[in-house]
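Given next are the chains, with one letter for each unit.
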Amino acid sequence: MEKKRNRLYEGMYILNSSLSEEALKKSIKKITETITKKGGEVHKIHEMGKKKLSYEIKGKKEGFYYLIYFTTNSSNIAPLCKEYNFHEDIIRFIIIQTKSIKEKLEYPVLKGEF
Amino acid sequence: MPKNFVKQKRICPFKINNFKDIDYKDVETLKKFITDKGKIIPRRITGVSSYFQKLLKNAIKKARYMAFLPFVSKE
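Residue numbers (the numbering used here), protein chains in the order written: chain W, 1 to 114; chain P, 1 to 75.
Keep in mind that the hints are not guaranteed to be accurate.
Stated by the list, open to error - Listed below are the simulated BS3-like cross-link pairs for lysine-lysine, each with C-alpha atoms no more than 30 angstroms apart in a straight line: (1) Lys60/W / Lys111/W; (2) Lys25/P / Lys52/W; (3) Lys7/P / Lys58/W; (4) Lys25/P / Lys74/P; (5) Lys4/W / Lys38/W; (6) Lys61/P / Lys29/W; (7) Lys7/P / Lys111/W; (8) Lys37/P / Lys52/W.
Derived by calculation from the structure, the hints in this document are not laboratory data.
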């Protein structure tokens with residue numbers, strides 16, 4: 001059997017754009033608490049701001065983007081996803097394994113002709 | 001085929017710029033490899049190596065799911 005280990009993950013969440021600032025903070029607290037409840041650890045939270053969606057999701061055209069780096073046991077990921085599906089403010093989310101924590105979300109520019 | 005035709009050797013744009021992996025959050029570079037309708041451009045036109053085309057494909061599909069890029073755009 002494969003060993004269940006602690007791994008580094010990044011979760012990206014799109015939250016409802018019609019929420020007020022207090023409601024936003026509350027829903028992010030709820031998101032981070034669900035991670036820490038199961039023995040996980042939150043490392044960094046990036047606020048990517050309000051962005052236009054390139055297609056409508058659940059009748060919404062805008063959303064707040066948040067990126068959270070955290071470590072948990074790999075067996076906790078499936079119940080985490082289950083709980084996020086019941087979260088009302090989350091329009092869409094994705095959880096991916098990563099190798100390192102990015103301090104700044106900046107990328108090199110691709111030069112040259114192609 | 002013309003007589004003096006010499007095939008130029010192309011180098012992958014990601015190899016020239018020393019990319020190690022392609023992130024789905026890096027929308028500016030991903031936009032260069034899709035058409036106006038939102039399709040992925042084949043690598044015989046862009047000259048991307050097969051290794052980076054695989055990473056690019058996975059990144060574009062994740063970016064589409066998170067609504068950074070459109071599945072189809074009507075233009």
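Going through the hints against the structure:
{"no.": "1", "hint": "Lys60/W / Lys111/W", "verdict": "violated, 35 angstroms"}
{"no.": "2", "hint": "Lys25/P / Lys52/W", "verdict": "holds, 14 angstroms"}
{"no.": "3", "hint": "Lys7/P / Lys58/W", "verdict": "violated, 50 angstroms"}
{"no.": "4", "hint": "Lys25/P / Lys74/P", "verdict": "holds, 23 angstroms"}
{"no.": "5", "hint": "Lys4/W / Lys38/W", "verdict": "holds, 14 angstroms"}
{"no.": "6", "hint": "Lys61/P / Lys29/W", "verdict": "holds, 29 angstroms"}
{"no.": "7", "hint": "Lys7/P / Lys111/W", "verdict": "holds, 22 angstroms"}
{"no.": "8", "hint": "Lys37/P / Lys52/W", "verdict": "holds, 18 angstroms"}
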